[in-house]
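K.L.:
Chains as they are written, first to last, in the numbering used here: chain P, 332 to 541; chain F, 332 to 541; chain B, 332 to 541; chain V, 332 to 541.
Some clues are possibly wrong.
Identical copies look the same in the list; a pair holds intra-copy or inter-copy alike.
[As the list claims (entries may be wrong)] Simulated pairs of lysine to aspartate or glutamate, EDC-like, Cα-Cα distance not exceeding 16 Å:
| hint | residue 1 | residue 2 |
| --- | --- | --- |
| 1 | K442 | E428 |
| 2 | K395 | D445 |
| 3 | K442 | D396 |
| 4 | K395 | E444 |
It is worth saying that the hints were derived from the structure and are not from the lab.
Protein chains: 4
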Amino acid sequence: MNVNELNTSKTGLLFFDMLNVYYHGASEETKKKMKPVVDNAVRLLNAARKSGIPIFYAMANHRKDGNSRSITVTDTDMRLRPWPDGVCNPSIHGATEGSWEQKVIAEIEPKAEDYLIPKYRWSTFHQTYFDLALRSRGIDTIILSGGAVDVGVASTTYAARDLDYNVIIVRDACSNSHDDSMAAFMDTVFPRMARVRTTDQVLGMFRKQI
Amino acid sequence: MNVNELNTSKTGLLFFDMLNVYYHGASEETKKKMKPVVDNAVRLLNAARKSGIPIFYAMANHRKDGNSRSITVTDTDMRLRPWPDGVCNPSIHGATEGSWEQKVIAEIEPKAEDYLIPKYRWSTFHQTYFDLALRSRGIDTIILSGGAVDVGVASTTYAARDLDYNVIIVRDACSNSHDDSMAAFMDTVFPRMARVRTTDQVLGMFRKQI
Amino acid sequence: MNVNELNTSKTGLLFFDMLNVYYHGASEETKKKMKPVVDNAVRLLNAARKSGIPIFYAMANHRKDGNSRSITVTDTDMRLRPWPDGVCNPSIHGATEGSWEQKVIAEIEPKAEDYLIPKYRWSTFHQTYFDLALRSRGIDTIILSGGAVDVGVASTTYAARDLDYNVIIVRDACSNSHDDSMAAFMDTVFPRMARVRTTDQVLGMFRKQI
Amino acid sequence: MNVNELNTSKTGLLFFDMLNVYYHGASEETKKKMKPVVDNAVRLLNAARKSGIPIFYAMANHRKDGNSRSITVTDTDMRLRPWPDGVCNPSIHGATEGSWEQKVIAEIEPKAEDYLIPKYRWSTFHQTYFDLALRSRGIDTIILSGGAVDVGVASTTYAARDLDYNVIIVRDACSNSHDDSMAAFMDTVFPRMARVRTTDQVLGMFRKQI
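Build the full structure now, drawing on both the sequences and the hints.
P.N.:
Structure (structure tokens):
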């Protein structure tokens with residue numbers, strides 16, 4: 332297959348964790364950094380709706396009581412800070428089910444016919460119905476926008492690759508807290524397991540179809 | 332839990348793709364670069380056997396006819412070279428079932444009681460019996476040595492994390508072709524989802540148990 | 332392990348498809364037949380709440396547009412009627428997301444702390460978060476009430492068995508449309524892969540704990 | 332889709348646990364009962380090879396040390412005998428890896444290009460590469476022969492159904508120890524989730540293709 336081709340009738344658009352907690356509820360600095368990413372997500376959404384491409388929203392979803400959360404031992408917390416006295420003690424995640432924090436940002440608001448994929452772990456595929464939703468519509472290619480790149484986007488892409496899905500990572504519609512891992516994924520890791528493109532390039536692929 | 336503790340009775344040691352094709356069958360330059368990694372793998376193996384820790388070998392396993400291989404569209408081949416004329420055309424993998432290339436290197440030769448995990452995709456968990464083998468022995472912690480870090484080691488670690496396994500990445504017993512992604516994983520990505528340690532540190536953790 | 336023992340701290344109670352569509356929305360004949368099953372489900376629920384056993388509700392969950400539904404070829408429809416002219420043509424399922432039909436019956440109404448498991452296929456484990464919810468609470472035993480026995484209860488029990496969960500089928504808290512398969516499962520199939528008990532027997536097992 | 336049609340280019344033939352331990356190593360009575368089932372399996376195999384249909388062999392595969400085996404609590408052993416004094420104590424399975432018992436019967440001997448699927452649980456899909464092997468060849472329909480019907484054949488069929496595979500159960504090429512569950516599956520359970528046909532009928536479907 333040619334790497335510049337796209338069959339939009341077999342393509343889905345996935346927004347990963349584009350939730351209030353990570354944007355409208357974040358610091359001014361984060362918001363400023365995220366703004367162009369959100370703008371590109373909006374452009375992708377509008378173009379996808381016009382092309383009849385199904386839209387999926389992966390959403391972190393956690394219980395208020397903290398049950399069901401991941402409890403593995405890590406060297407640091409999610410901000411790369413080592414645990415005080417070496418005692419691994421993850422806090423309960425902010426995106427609890429039904430809260431404002433857990434809602435998709437209004438800029439790319441889901442419609443009734445879109446797919447909401449609540450999830451309890453990092454990968455969009457992990458114990459969710461994402462795979463069956465894709466397969467029963469004949470989708471074999473996933474366009475991916477969101478963040479964090481080195482957490483859920485990477486986890487989803489590794490899983491998608493092993494499940495034989497083609498993935499297109501939209502570089503300027505993705506966000507990450509760490510520049511070194513963002514660059515390593517986009518330049519060195521993803522090109523061997525997926526395609527890495529800009530929003531402009533993806534919109535160009537859509538237009539070729541029409 | 333304290334990040335310096337290890338319960339060896341709940342721990343398994345996983346060697347990822349330590350196969351002839353990637354070492355004895357590789358270029359002199361690669362062999363030279365891999366040598367200290369293999370030496371550390373041997374040290375881990377000996378210490379694990381002494382401590383009664385079960386040993387698992389993840390092994391790429393492919394059909395000669397190329398069926399069952401991954402067929403997703405990527406920007407480049409596995410050496411980061413763009414496809415000629417943009418035509419994605421992956422070759423058949425060298426580690427075909429039963430070949431010399433696919434065998435575990437003699438330095439860390441498996442014994443009859445060890446676990447061989449043939450696999451067709453990157454993650455050691457993907458459509459293999461690794462998870463049930465671990466759970467039915469009560470193992471919740473995986474010590475990981477091998478390569479490539481940004482391919483199968485990363486893929487396995489993301490999957491392990493979502494399945495609630497604790498992972499200890501043995502930095503100097505792992506290999507990778509690309510320095511930027513190696514550094515990003517070890518410094519920025521893995522510490523938030525696992526523990527990153529040297530061979531010496533892991534051997535120290537084993538000794539504390541005795 | 333002794334087959335009459337139960338560790339309630341490692342036990343969960345699962346109600347399978349106890350939804351309006353299958354009871355309050357069903358024919359008078361079905362309602363009459365189901366009434367004692369519902370009564371026993373209520374007794375199980377009350378006893379489980381008293382013992383601090385977590386409650387899970389598996390709920391058929393379907394899209395109004397029929398996407399995501401199963402589309403396999405079968406000899407008959409769900410009532411065992413061959414397809415007219417041999418053309419397999421499954422209708423869209425009544426339990427669409429958010430509808431009255433899809434809600435759990437009021438008799439065993441879920442509380443905020445209970446687990447709702449929406450599902451698109453028969454098995455409660457298939458592409459749902461049921462497994463991770465169980466494991467992260469240390470649950471290894473599932474008490475199962477609901478119907479249909481030869482559809483979702485069987486499917487869930489086969490999957491649970493392969494995932495190493497102990498299952499206790501509560502015979503008089505389960506329903507089925509067909510007497511031959513109900514008897515075969517309870518007498519011949521389930522005893523080799525699970526335990527089959529009455530509501531009274533299960534309540535007795537709970538009491539032994541206190 | 333019409334229930335009498337079959338696209339052989341999207342079809343695979345699966346033999347489930349047609350192993351020495353269950354036939355040549357069994358009692359004379361079992362052998363006699365199994366003989367026509369094996370004869371039909373041979374007819375299916377020959378016809379499938381002629382039609383270019385890929386062949387898969389699901390094979391129970393167990394460790395000599397008994398690790399990795401299922402350890403769930405059941406009311407009875409596999410012969411429906413209650414455990415002495417209620418102590419559930421499953422023996423180690425006879426089909427240990429590499430043994431004569433675990434080999435496929437010579438009557439339907441695998442060729443190099445066929446697919447061997449070793450498995451540790453009942454379902455052919457459970458933590459095996461069966462699903463990826465099917466999908467990467469574009470197979471959506473599984474013809475199933477083997478036994479036991481109420482153990483692995485049923486378990487595989489429930490899983491296949493949830494994964495959106497069409498299944499054709501070849502009634503007279505399947506075996507079971509219990510007549511009540513055999514009849515219930517073939518008459519009442521399988522027709523709603525699959526197609527149930529005789530060997531003659533399946534061979535007729537193959538011929539229509541040519």
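K.L.:
Take the hints in turn and mark each one as holding or not.
P.N.:
Each hint tested on the structure:
In this homomeric assembly, K442 and E428 come within 16 Å of each other (Cα to Cα) only across copies, at 14 Å, whereas the closest approach inside a single copy is 19 Å. For a Cα distance limit of 16 Å, the shortest separation of K395 from D445 across copies, 12 Å, qualifies, whereas the shortest one inside one copy, 26 Å, does not. Taking CA atoms no more than 16 Å apart as the test, K442 paired with D396 passes between copies only; the shortest distance there is 13 Å, against 30 Å inside one copy. For the homomeric pair K395 and E444, the shortest alpha-carbon distance between copies (9 Å) is at most 16 Å, but the shortest distance inside one copy (28 Å) is not.
When each numbered hint is compared with the structure, no violation occurs for any of them.
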